[in-house]
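What follows is each chain in one-letter form.
There are 4 protein chains.
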Amino acid sequence: MADKGRYLARLKRIEGQARGIHRMVDEDVYCIDILTQISALTSALEGVALALLDDHLRHCVVGAATRGGPEAEEKLREASAAIARLVKS
Amino acid sequence: MADKGRYLARLKRIEGQARGIHRMVDEDVYCIDILTQISALTSALEGVALALLDDHLRHCVVGAATRGGPEAEEKLREASAAIARLVKS
Amino acid sequence: MADKGRYLARLKRIEGQARGIHRMVDEDVYCIDILTQISALTSALEGVALALLDDHLRHCVVGAATRGGPEAEEKLREASAAIARLVKS
Amino acid sequence: MADKGRYLARLKRIEGQARGIHRMVDEDVYCIDILTQISALTSALEGVALALLDDHLRHCVVGAATRGGPEAEEKLREASAAIARLVKS
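Protein chains in written order, with the working numbering: chain F, 8 to 96; chain H, 8 to 96; chain R, 8 to 96; chain V, 8 to 96.
Derived from the structure by calculation, the hints contain no laboratory data. Keep in mind the model is a prediction, meaning the values are calculated, not measured. Among the hints, a few may not be true.
To be verified - Here are the simulated lysine-lysine pairs, DSSO-like style, with alpha carbons at most 27 Å apart:
1) H:19 <-> F:95
2) F:11 <-> H:11
3) V:95 <-> F:95
4) V:95 <-> V:19
5) H:11 <-> F:19
6) H:95 <-> H:19
7) V:95 <-> R:95
8) F:11 <-> V:95
Stated by the list, open to error - Chain V side only, calculated, beta carbon under 7 Å to chain R, not exhaustive:
9) 26
10) 28
11) 32
12) 45
13) 50
14) 52
15) 56
16) 63
17) 93
Claimed, not checked - Non-contacting residues of chain H with respect to chain R, defined by C-beta distances greater than 10 Å in every case (computed):
18) 10
19) 11
20) 47
21) 76
22) 87
For each residue, glycine too, the CB sits at the ideal point set by N, CA and C.
Chain F extracted, bound-state conformation (with noise of 0.2 Å):
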């Protein structure tokens, strides 16, 4: 993993939105203002995922690939599946 240091830090203010949404709903916030948090929750999460995507491509993706054989077959698989997942949720 590329910054490993920085992945942390993101997931560690992604789990403080959470924690931020949790509260707005347990003081009866109003609706669309959890709405924004939600939303903005989903687009830092969607940054971090990207960002891995990246890296995977980059070191094990790529790195199988230049081995050649059955692992770079099974490495691509496994990235088109999880880029799959990541449009369609």
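We have chain F already, so just place chains H, R and V on it with the hints.
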């Protein structure tokens, strides 16, 4: 809010999922498995957002619509903007 | 429907975009450029869908809500299901 | 491109779906039914995009990666940007 307790329980689970993803990165778990968990968390968030939106339409938007006047227009504008953010996030 | 002419013009453009992508594939245009056009077409479709949904909320859902009764419940259920399909597609 | 004929057939169907939605609007079909067709069209487009992306990873990106050098870096950058556009559209 229709069933606040259920929302709070779902958001507590989402917070736990976020913490779990942080731990996966910290323990250098394989990227694809982390991406799978991020997609699951994104879907869980979507579920909460769609339920909140349904509640909002039923109570706030319909309530304002029945009373009519500028408040109804504002509620409709807000709801459509929230839907757009959800669709695009 | 608020402005039918505008919807028809937007959908005619979308049809043209789809035909354009077909031609790009036929002429072996570089994949990334085709993917860029597919994302543009998807965004154009989302725009039409969000406008239709806003119209639907303002006219069909609010109309039924003002009249009350089972029809209002059905309109709300339908609207939320349509929003869910949009968010998940 | 792996199976150009299949892509062309899928895109021809997508063009037909777009034409069908235009006709539904023209004939004042109920909004919810039009929205259902738009979601179906969006999913069909996503399917084509994901297949193209898989092809692109397997042929263009892996090919460049095996040859190494700046071309590989450019292909990876392009692929990640295309994935981001798909996820966010």
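Hints versus structure:
Taken as a hint, the residue 19 (chain H) and residue 95 (chain F) pair is honoured in the structure, with Cα atoms around 24 Å apart against an allowance of 27 Å. Restraint check: the Cα-Cα separation between residue 11 (chain F) and residue 11 (chain H) comes to about 36 Å, which exceeds 27 Å; the hinted pair is violated. A distance of roughly 10 Å separates the Cα atoms of residue 95 (chain V) and residue 95 (chain F); the hinted pair therefore holds under the 27 Å criterion. Using a Cα cut-off of 27 Å, the hinted pair residue 95 (chain V) and residue 19 (chain V) holds, with the two alpha carbons roughly 25 Å apart.
Between residue 11 (chain H) and residue 19 (chain F) the alpha-carbon distance is near 25 Å, which keeps this suggested pair within the 27 Å criterion. Annotation: proposed proximity of residue 95 (chain H) to residue 19 (chain H) holds, straight-line Cα distance about 25 Å (limit 27 Å). Restraint check for residue 95 (chain V) and residue 95 (chain R): the C-alpha separation of about 12 Å stays at or below 27 Å, so the hint holds. Among the hinted pairs, residue 11 (chain F) with residue 95 (chain V) is consistent with the structure: their alpha-carbon atoms are about 24 Å apart, no more than 27 Å.
Checking residue 26 (chain V) against chain R by beta carbon gives a least distance of about 6 Å; that is within 7 Å, so the hint holds. With 7 Å as the threshold, the beta carbon of residue 28 (chain V) comes within range of chain R, its nearest partner Cβ sitting at about 6 Å, so the hint holds. A hinted interface residue such as residue 32 (chain V) counts as satisfied when its beta carbon comes closer than 7 Å to some beta carbon of chain R; here the least separation is about 5 Å, so the hint holds. Here the hint on residue 45 (chain V) is kept, as its CB sits about 5 Å from the closest CB of chain R, short of 7 Å.
Against a cut-off of 7 Å between C-beta atoms, the interface hint on residue 50 (chain V) holds, since the closest Cβ of chain R lies about 5 Å away. For residue 52 (chain V), the interface hint holds, since its Cβ comes within 7 Å of a Cβ in chain R; the closest pair sits about 5 Å apart. Below 7 Å, beta-carbon pairs count as interface contacts, and residue 56 (chain V) has one with chain R at about 5 Å; its hint therefore holds. Taking 7 Å as the C-beta contact cut-off toward chain R, the hint placing residue 63 (chain V) at the interface holds, the least distance being around 4 Å.
Annotation: interface hint on residue 93 (chain V) holds; nearest CB of chain R at approximately 6 Å, less than 7 Å. Against the 10 Å criterion, residue 10 (chain H) stays outside the reach of chain R, whose nearest CB is about 15 Å from its own CB. At roughly 19 Å from the closest C-beta of chain R, the C-beta of residue 11 (chain H) stays outside 10 Å, upholding its exclusion from the interface. Under the 10 Å C-beta cut-off, the non-interface status given to residue 47 (chain H) relative to chain R holds; the minimum distance is some 14 Å.
Distance to chain R confirms residue 76 (chain H) as a non-interface residue, since its nearest Cβ pair spans about 12 Å, more than 10 Å. Distance check on residue 87 (chain H): its Cβ comes as close as 4 Å (rounded) to a Cβ of chain R, failing to clear the 10 Å threshold; non-interface status is violated.
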